[in-house]
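Chains as they are written, first to last, in the working numbering: chain D, 1 to 303; chain G, 1001 to 1282; chain H, 2001 to 2362.
It should be emphasised that the hints constitute simulated quantities derived from the structure, not laboratory data. Every residue gets a Cβ at the ideal spot worked out from N, C-alpha and C, and that includes glycine. Heads up, a few of these hints could be off.
[Stated by the list, open to error] Which stretches of chain H does chain D cover? Using the computed rule of at least three CB atoms under 8 Å from a CB of chain D, they are: (1) 2099-2108; (2) 2135-2143; (3) 2292-2301; (4) 2307-2321; (5) 2336-2343.
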Amino acid sequence: MSASSPAIDDGPTRGPARSALDAALKQVAAGWASYRRHPLGMVGLALIAALLATALLAPLIAHVDPNAQDLRQRLLPPSALHWFGTDHLGRDVFARVVYGARTTVQIVALVTVLVAPLGLVIGTASGYAGGLVDEVLMRVTDIFLSFPGLVLALGFAAALGPGLTNAGIAISLTAWPPIARLARAETLSLRNADFIAAVRLQGATPMRIVLRHILPLCIPSVIVRVTLNMAGVILTAAGLGFLGLGAQPPLAEWGSMVSTGRQFMLDSPWVVAAPGLSIAAISLAFNLAGDALRDVLDPRNEA
Amino acid sequence: MSAPLVSARNLTVRFATQKGPVDAVRGVSFDLGREKIGIVGESGSGKSTVGRALMRLLPRSATVAADRLVVCDTDVLAADEKIMRRIRGRRIGLIMQDPKYSLNPVVPVGLQIAETFRLHSPAHAGARAAREATLALLRQVRIHDPERVAGLYPHQISGGMGQRVMIAMVLAGGPEVLIADEPTSALDVTVRMEVLSLLDELVARKGLGLLFISHDLNLVRRFCDRVLIMYAGRVVEALKASEIDHAKHPYTQGLLASLPLIRQPREILPTLVRDPAWRESA
Amino acid sequence: MSAAHGPTLHTASPADDPEDDRVRRFLAGLGRVAGRLLSIALTLLGLLLLTFTMGRLLPADPVLAVTGAEVNKATYDRVYAELGLDRPLWEQFASYVGNVLRGDLGVSATTGHSVLSDLGHVFPATFELAVFAVITGVAIGLPLGIVAAVNRGRLIDHVARIIGLAGHSVPIFWLGLMALFVFYAKLHWVDASGRLSVFYEGMLEPVTGLLLLDTAMARDWDMFRDAVSHIVLPGLLLGYYSVAYISRMTRSFMLEQLNQEYVIAARAKGLSTAQVVWRHAFKNIRVQLLTIVALTLGGLLDGAVLVETVFGWPGLGQYLTRGLTMNDMNVVMGAVLLTGAMFMAINLISDRLYRILDARTH
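Construct the complete structure from the given sequences, taking the supplied hints into account.
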């Protein structure tokens, strides 16, 4: 396509775009170079990568069916055959922990997919429209913020009915307000920028301005913020699972594994230890990555 | 002149940074008696670092080395923190640039002055004695209603008044040496002269030694007895304020040449061209 | 301002009359208070709308909750109408708001008591746990955060950081189970489950509802010791999470202050590090810390739900989760409403205190 069009036309339109892309890439490269100086951040990143790999390759890592029961083999301590022992139904705990990574990744993905657009749309609309729209939307945000996250998520999870998807939706319903606040603040600072005024003078509709020009600029900070909040999301999901309002049996989920393992804990602590440590490790990973990320983006914090 | 109040020989300050060590001050030597010495340099020349090194107020990342660094009969390099605390405030005081930041925002200014006084008064001064002293100090810095001002918070007073409070606070410890680090740069031009003449009068009356750190060559040459010109961490030239027009170093000459003059308007102010060699040779 | 423009532009403006000006300022103040009250009322209304929606979505049939599962069509329809379920939703919501304002939160389908009186019983238990935890959090977290900031990059700073990271990462219910395993099952250092041993159950007439206080006032030291031995593990556990948060925030506030010029000025006066920290820097973070403690208290309500479940602590969280698993609509709505209202009240109070205490704002 570009080969057929005259070179003169290509220059001015492609030039700036390419340099903007270049600049963005350079910024990412610089950020990465700075991120790499945080050993703990790299540990966090490695753990997150390990989680993703485990979720993707679960059948290759665990050779047994995580739901295969064998009541003759119940509550066996860790051994060469069952690395993390077996649970009260004779299921292999290692396999269940491995498949539990899938559940966790699903929840994380679901929450990200729901929360980021929801927060972005509400925040940018509120910030750009101003006036009554802003007032109403921010009031709604305040109401959602005036609940401790888990209690609200519990209520929604119960209302929607237990299950993995509903747990994700319930958590998303509690996790969007900070994102919306952030997007609104960014929008307010962008709203009066010269390039927005230029677009407006060209006759762009408010809808177009928000969707095409403001929203994309808010995305990087929103992604960072979602990452920072992910540890909390994972803990809330585990809490829901523990209280029986998350993923339902027999699906392997770390929180509900701890919950069912409770009654056998005194004699068989391994049924509780492994899933609990997995939750801790992943939430720690997101905390470490978040800390490093915050450091890269706002060096004043820790310099 | 008897033994100098401050004596520095080959003073070097090195900061450990992420990109390796940086020498902010390199081989600076001078003696300060009961006189006014100005240190002039652009930002980053190390002039403020010299002042803070004398009081050992630099951050942990800084390493101070010198052949000799004596402040008020104390070897600053060898002294422990306890000895330094007895020198700071009592024998050498520091006036900082902007009272908006150098006074504690949530403590009434009178209490901040009284604190220095009580810390350094010989017998354990009571609250009443400290209050009396505070009011007297405020009067000394030409504040006319000290009772009212003493109860105000820093954000409630103007910059000029804030700087006078700062001076009162520093004087409360009864020091022999003052380091004034850009004391008038943050002030309005109209109150600059007031604060300067106040400082001048107090230094003269109490017979103090003053190290006046500034980027303003014109100000320093009128105000000080001697001038040290710093560039890139080195003193490139030291001379009497009265002889500054006969400066030999090209950097000083360049600085002088780029100053605007009222009597001889110039079409274009010359731009200072820096010679990399200045960084190395003294 | 009026001195610059007033005389020439509007010579006889009523604003120049000092009496009138005072009236105007009073009215403006009144308007501000009214605005604030209105905004609180609106938020409360939103809160009610949220719990109402939650209750309507809950997969529980409110009629069956009243009549029991065995019911004929005629009775079902009668109760359906009695409960107002045939009316439009907004009317139902209006009557819900009216009921809540009259203090009627309905009857619990599982306990048979009114939800309000149930909440009156369970709330002190959660309050006691939360206060215990906050005191632990402040007593340990605050000094830890300050020491970490002063010794930034040294060992103690890393220790504080690890404590904080663990607190933000380890699931509280799991740590609770591990603590039970070690200190109750293996070491027998503490009692578990509930607030008192069964033996003491019902022996004490509640005065404040806070057992540590009640037993101490009754001078029943055996019972006091029993209550302590029950609260210490859940309380410390919940407290640990506030230690993590408070120490981290304190450290970051303190670091910000230690970089200020006035800290150098204070050191230049001859003050020791401890004096600089406590007399100068700390005074600048007191108000911020108050907000943090308030937020911690709110956040503890979250942790309490899980800790109460693990330790069988008969508080608000356990009441809520039991209501959720039993599909007890009124219980869920009441408990969620109380939690939200508490959280809101804490935020409002801390916000007001912040404005009042911050010397820079007046």
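(message) Name the hints, by number, that the structure is in violation of.
(response) Of the numbered hints given earlier, those the structure breaks are 1, 2, listed in rising order.
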